[in-house]
Amino acid sequence: MGLIDAPTPSVVSVDPAHSEGWVATRLDFLVNWGRANSLWPMPFGTACCAIEFMASAASKFDLARFGMERMGFSPRQADVLICAGRVPFKLAPVLRRIWQQMPQPKWAISMGACASTGGMFDNYAVVQGIDTIIPVDVYVPGCPPRPEALIHAIMMLQKKVMKETMSSTPREEMVPDPTSQLYIPPSRIDTLSQAFGNSIPQTRSGQ
Amino acid sequence: MATKRTVEVELSTTGIGADGRPQRVPLVAGGDGGVALQAPPGIEPDLEGEHMLINIGPQHPATHGVLRLVLELDGETVVRCIPHIGYLHCGFEKIGEYRQYNQIIPWTDRDDYLNCVGNNIAFAMGAEKLFGIEITPRCTVLRVIGMELSRIISHLVWMGTTCIDIGAYTPFLWSFQERENVYNLFEGWVGARLTTSASRVGGMAADIPDGWLDGLKAFVRSFPKTLDECDRVVTKNGIWVGRTVGIGVMSPEEALNYGLSGPMLRASGVDYDVRKDFPYLDYETYDFEVPVGVHGDVYDRYLVRMEEMRQSVRIVEQAIARLPDGPVNVDDPRVILPPKHKATSEMESMIHHFKNVMEGPRPAPGEAYVAVEAPKGEKGYYMVSDGSAKPVRWRIRPPSFVNLSAIPKMVEGHLLSDVIAINASIDIVMGEIDR
Amino acid sequence: MTAFTVVTAGSAPGLPVPATPKQVPHRGGEANPSAEALRAKFGGAILRVEVVWGETNVIVAMDRALEIIRWLHDDPSQSYEYLSDVTAVEFRDSTLPIEVIWHLRSIKHRRFLRLKGMIATGQPLAAPSVYDIYKGADWLERECYDMFGIVFEGHPDLRRILLWEQYAEGFPLRKDFPLRGRFSRAEQLRQALAANPEARYSMEELSVADAYAELPQDMRARIKGGESTGE
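If you read the protein sequences in the order shown, they are chains A, B and C. So the first sequence is numbered by the numbering used here: it starts at 1 and just counts up by one. So the second sequence is numbered by the numbering used here: it starts at 1 and just counts up by one. So the third sequence is numbered by the numbering used here: it starts at 1 and just counts up by one.
The hints are simulated quantities; they were obtained by calculation from the structure and are not laboratory data. Treat each hint with caution, since some may be false.
Said to hold, decoys possible - Below, a list of computed lysine to any residue pairs in the SDA-like style, where the Cα atoms sit at most 20 Å apart: (1) C:Lys108 with C:His155; (2) A:Lys60 with B:Ala192; (3) C:Lys108 with C:Glu36; (4) B:Lys390 with C:Arg92; (5) A:Lys60 with B:Glu229; (6) A:Lys60 with B:Ala168; (7) B:Lys390 with C:Lys175; (8) B:Lys409 with C:Arg92; (9) C:Lys22 with B:Ala168; (10) C:Lys135 with B:Gly215; (11) B:Lys217 with B:Pro365; (12) C:Lys108 with B:Pro279; (13) A:Lys159 with A:Lys60; (14) A:Lys160 with A:Lys60; (15) A:Lys163 with A:Val175; (16) C:Lys108 with B:Ala192; (17) C:Lys41 with C:Ser79; (18) C:Lys108 with B:Pro252; (19) B:Lys409 with C:His155; (20) C:Lys135 with B:Ser251; (21) A:Lys163 with A:Gly67; (22) A:Lys60 with B:Tyr169; (23) B:Lys390 with C:Lys135; (24) B:Lys236 with B:Tyr169; (25) A:Lys163 with A:Lys60; (26) B:Lys236 with B:Gly215; (27) A:Lys60 with B:Leu173; (28) A:Lys60 with B:Gly215; (29) A:Lys60 with B:Gln177; (30) B:Lys409 with B:Ile54; (31) C:Lys175 with B:Ile56; (32) B:Lys390 with C:His26; (33) B:Lys355 with B:Lys390; (34) C:Lys22 with B:Pro61; (35) B:Lys390 with A:Ile184; (36) A:Lys160 with A:Met120; (37) C:Lys135 with B:Ala321.
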């Protein structure tokens with residue numbers, strides 16, 4: 001199903017010129033271990049996925065097992081933005097604003113087909129994937145994803161956090177273009193939100 | 001603003017009045033039994049004119065989605081409330097004009113996503129009206145079961161989230177525990193937990209599997225116990241009573257004039273229930289009662305919803321008892337696909353299948369408005385056909401949209417914290433409001 | 001346990017218990033008695049009465065629609081006290097008129113009536129507002145304006161409700177509006193982010209301008225300059 005992780009290659013190449021010192025790697029491990037096990041989510045729940053998110057947080061699936069019991073509805077005290085549900089254009093500036101308000105380090109999970117790609121709402125009102133607004137770390141397929149899928153995504157994110165290093169992970173804010181407020185070029189947005197199948201093609205920018 | 005201000009004081013643990021109804025126990029009882037306290041002059045500074053604007057939402061845990069309320073406050077009293085909606089406008093009605101009738105059913109899951117099965121069935125009823133189809137007896141009873149189960153799970157979300165808003169966390173966990181049971185039932189029936197797409201024009205997506213009714217019976221047995229437990233924890237809780245009694249009152253005339261429906265309308269004392277007044281799915285043959293409130297406040301809305309869940313359980317019990325055997329789908333080749341094994345082995349069936357899926361069934365020109373009693377109120381699907389396979393217009397009459405439009409009226413003069421209780425009592429679901 | 005009356009709803013006096021309608025014909029069938037009453041009362045303003053799938057459509061002259069709805073609401077023999085819906089229909093055939101539709105219910109008499117007013121091609125998109133009669137029409141009419149551009153004359157605060165004020169692409173439910181909008185995705189996103197309705201809010205934007213004069217001077221100055229949300 002593609003959900004099983006690929007086995008790690010048994011060959012490890014070591015390049016002394018690019019490896020971190022022992023102290024730095026140990027410190028990285030400690031910091032990442034702490035971060036990965038207490039990710040504070042900021043649930044940006046808009047639609048159906050928010051209900052499954054609530055189910056994940058409730059007693060049967062219990063997100064608290066993953067250090068996520070503290071639902072921070074304030075973006076200032078949150079580590080991971082879980083965008084659960086479709087994001088229409090009217091909500092796009094809100095999502096952008098909330099992302100900008102979150103302190104570094106921060107991660108984003110795009111929960112569900114609508115948040116990831118626009119899903120079944122390929123029309124005038126819905127953003128075709130929140131990755132055109134904010135950077136996304138983990139995409140969760142499903143409409144809505146089952147709580148197990150969300151938990152899998154969270155575990156994937158934890159693995160990602162564990163692999164980060166202080167020296168290589170960028171920590172500066174992505175600054176959007178001041179005139180257009182977009183942070184990726186329009187042509188790329190067009191490509192990302194291209195209609196698929198036999199849908200009527202969307203107007204391309206510059207036309 | 002006048003300097004004289006009436007302050008209502010809540011202090012009650014089990015404040016049960018003479019009529020057996022929970023009441024506020026005043027800190028200082030007035031001579032007339034009222035609870036008015038006049039602030040001594042000098043303590044209350046004159047805040048005349050100094051209004052403050054505060055913004056709640058669109059991302060706020062107590063707005064149940066992406067509602068935005070802008071409140072103009074005088075001190076802590078709401079002078080005016082301006083709701084802003086549309087943050088979840090996804091163009092459902094537009095997309096419906098580009099889809100065949102059966103293809104629209106997945107969208108009905110997502111407009112009011114707490115009541116998926118109910119919406120699926122309501123839409124299928126509307127389409128069947130356009131096609132002039134009478135569904136089978138077994139399908140009718142199955143649809144009643146589906147509708148009442150989704151009423152229960154919708155009210156459970158309402159209860160859980162409202163309890164969180166008002167300060168109780170445990171009922172949320174209990175209600176989601178019960179929701180999981182219903183999710184399991186739905187999953188066994190149609191394969192999906194939440195967005196079920198359970199119905200088809202002319203029938204259901206699937207008949208119930210063997211042994212499914214046993215699971216349903218177990219749920220019907222266990223669920224009232226959970227409900228009683230919530231009842232014990234919440235109904236006479238002093239904080240709950242203090243924060244809900246007398247809050248957000250709508251008189252019957254106002255409630256009608258504002259177009260409220262569902263528990264909101266009935267809490268105000270208007271006995272209008274689509275299941276009783278404009279019955280569908282043979283609801284008139286079931287023995288159930290419709291709770292009607294007296295005071296029209298948040299507390300009555302809570303009582304109405306609690307009682308509705310009990311009545312839904314009664315309806316489900318009767319439906320289990322009378323579930324007839326027989327086919328679920330109508331025998332109408334216009335809308336019903338041939339069985340899969342025939343479609344893959346017989347040429348005629350394959351062509352039939354292909355034409356039904358690719359071109360879609362075409363109803364006669366006309367229009368139909370089907371209203372059902374959804375958990376939030378009168379949910380209507382209005383569809384207009386011009387004889388083609390796709391509707392010219394698919395209109396959702398959203399009950400919580402109309403209910404929410406009365407919020408400026410309801411919160412006026414209340415305290416800021418009451419806004420949360422009132423907003424919760426409307427039982428909004430933004431997917432349906434914004435569509 | 002609950003000190004709370006449970007009564008049977010739908011206790012309309014003197015009426016038989018309603019039943020689920022069965023075998024409803026496509027055209028024809030029994031019309032709502034209100035249609036006949038309307039004909040008797042308003043004569044020429046009632047253009048046509050038809051029964052489709054058991055529901056009575058009364059097509060009325062648009063200029064008298066308000067009067068007709070007011071009578072239906074006020075007259076005790078009709079008492080349509082509940083407005084279910086206000087909406088509009090535009091057909092794919094552009095020669096057909098745009099229909100404005102009112103769904104009315106009489107809870108007392110258990111009746112359902114659909115009133116239609118027609119806006120012929122080329123006519124200005126306008127209909128009377130029933131806000132004076134039904135407060136519930138407020139948002140329904142605003143939505144209809146937002147989606148179709150139909151101006152409800154007499155509505156106190158007719159502006160966009162679901163889309164934002166600066167939305168530039170038009171009225172989405174009109175048939176000449178493409179499913180995915182008129183602009184490219186990048187342009188749509190740019191406009192949405194630039195509109196940024198959260199960045200500032202002022203009394204004017206929120207249409208509470210009449211409270212503005214009562215505000216203290218410093219607050220007025222802040223509002224005039226645009227108040228940030230606390231960034």
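Status of the hints after comparison with the structure:
For the suggested pair Lys108 (chain C) and His155 (chain C), the alpha carbons sit about 27 Å apart, so the restraint of at most 20 Å is broken. Restraint check for Lys60 (chain A) and Ala192 (chain B): the C-alpha separation of about 17 Å stays at or below 20 Å, so the hint holds. With a C-alpha separation of about 18 Å, the suggested pair Lys108 (chain C) and Glu36 (chain C) falls inside the 20 Å cut-off, and the hint holds. Restraint check for Lys390 (chain B) and Arg92 (chain C): satisfied, since their Cα atoms lie roughly 11 Å apart, inside the 20 Å limit.
A C-alpha spacing of about 18 Å is found between Lys60 (chain A) and Glu229 (chain B), which places the hinted pair at or below 20 Å, so the restraint holds. With a CA separation close to 19 Å, the supplied pair Lys60 (chain A) and Ala168 (chain B) stays within the 20 Å bound. Taken as a hint, the Lys390 (chain B) and Lys175 (chain C) pair is honoured in the structure, with Cα atoms around 14 Å apart against an allowance of 20 Å. Simply put, Lys409 (chain B) and Arg92 (chain C) have alpha-carbon atoms about 39 Å apart, too far for the 20 Å limit, and the pair is violated.
Restraint check for Lys22 (chain C) and Ala168 (chain B): not satisfied, since their Cα atoms lie roughly 47 Å apart, outside the 20 Å limit. For the hint pairing Lys135 (chain C) with Gly215 (chain B), the CA-to-CA distance comes to about 45 Å; that exceeds 20 Å, so the pair is violated. Between the alpha carbons of Lys217 (chain B) and Pro365 (chain B) the distance comes to roughly 43 Å, so the proposed pair goes past 20 Å and is violated. Among the hinted pairs, Lys108 (chain C) with Pro279 (chain B) is consistent with the structure: their alpha-carbon atoms are about 15 Å apart, no more than 20 Å.
Taken as a hint, the Lys159 (chain A) and Lys60 (chain A) pair is broken in the structure, with Cα atoms around 24 Å apart against an allowance of 20 Å. For the hint linking Lys160 (chain A) to Lys60 (chain A), the alpha-carbon distance of about 26 Å lies beyond 20 Å, and the restraint is violated. Restraint check for Lys163 (chain A) and Val175 (chain A): the C-alpha separation of about 25 Å exceeds 20 Å, so the hint is violated. A hinted pair counts as satisfied when its Cα atoms are at most 20 Å apart, and Lys108 (chain C) with Ala192 (chain B) does not qualify at roughly 41 Å.
Between Lys41 (chain C) and Ser79 (chain C), the direct Cα distance comes to roughly 15 Å. Compliance with the 20 Å bound is thereby established for this hinted pair. About 13 Å separates the Cα atoms of Lys108 (chain C) and Pro252 (chain B), which keeps this hinted pair within 20 Å; it holds. Taking the CA atoms of Lys409 (chain B) and His155 (chain C), the gap is about 17 Å. The hint holds against a cut of 20 Å. At most 20 Å may separate the alpha-carbon atoms for a hinted pair to count; Lys135 (chain C) and Ser251 (chain B) meet this at roughly 14 Å.
Distance check on the hinted pair: Lys163 (chain A) and Gly67 (chain A) sit about 18 Å apart at the alpha-carbon level, within 20 Å; holds. Note on Lys60 (chain A) and Tyr169 (chain B): the hinted pairing holds, with a Cα-Cα distance of about 15 Å set against a maximum of 20 Å. Distance check on the hinted pair: Lys390 (chain B) and Lys135 (chain C) sit about 33 Å apart at the alpha-carbon level, beyond 20 Å; violated. For a cut-off of 20 Å, the pair hint linking Lys236 (chain B) to Tyr169 (chain B) stands: about 16 Å separates their Cα positions.
Distance restraint check for Lys163 (chain A) and Lys60 (chain A): the Cα-Cα separation of roughly 30 Å exceeds the 20 Å cut-off, and the hinted pair is therefore not satisfied. With a C-alpha separation of about 32 Å, the suggested pair Lys236 (chain B) and Gly215 (chain B) falls outside the 20 Å cut-off, and the hint is violated. Between Lys60 (chain A) and Leu173 (chain B) the CA atoms are separated by roughly 9 Å; this keeps the pair inside 20 Å, and the hint holds. Between the alpha carbons of Lys60 (chain A) and Gly215 (chain B) the distance comes to roughly 18 Å, so the proposed pair stays at or under 20 Å and holds.
Note on Lys60 (chain A) and Gln177 (chain B): the hinted pairing holds, with a Cα-Cα distance of about 7 Å set against a maximum of 20 Å. Only pairs whose Cα atoms come within 20 Å are accepted, and Lys409 (chain B) paired with Ile54 (chain B) is accepted, the gap being roughly 17 Å. For the hint linking Lys175 (chain C) to Ile56 (chain B), the alpha-carbon distance of about 36 Å lies beyond 20 Å, and the restraint is violated. Between Lys390 (chain B) and His26 (chain C), the direct Cα distance comes to roughly 18 Å. Compliance with the 20 Å bound is thereby established for this hinted pair.
Pair hint Lys355 (chain B) plus Lys390 (chain B) holds up; C-alpha atoms about 14 Å apart against a cutoff of 20 Å. Restraint check: the Cα-Cα separation between Lys22 (chain C) and Pro61 (chain B) comes to about 45 Å, which exceeds 20 Å; the hinted pair is violated. Pair hint Lys390 (chain B) plus Ile184 (chain A) does not hold up; C-alpha atoms about 37 Å apart against a cutoff of 20 Å. At roughly 29 Å between alpha-carbon atoms, Lys160 (chain A) and Met120 (chain A) are farther apart than 20 Å, so this suggested pair is violated.
Under the criterion of a C-alpha separation no larger than 20 Å, the hint pairing Lys135 (chain C) with Ala321 (chain B) is inconsistent with the structure, at around 44 Å.
In summary, the structure is inconsistent with hints 1, 8, 9, 10, 11, 13, 14, 15, 16, 23, 25, 26, 31, 34, 35, 36, 37 from the numbered list given earlier, while agreeing with the others.
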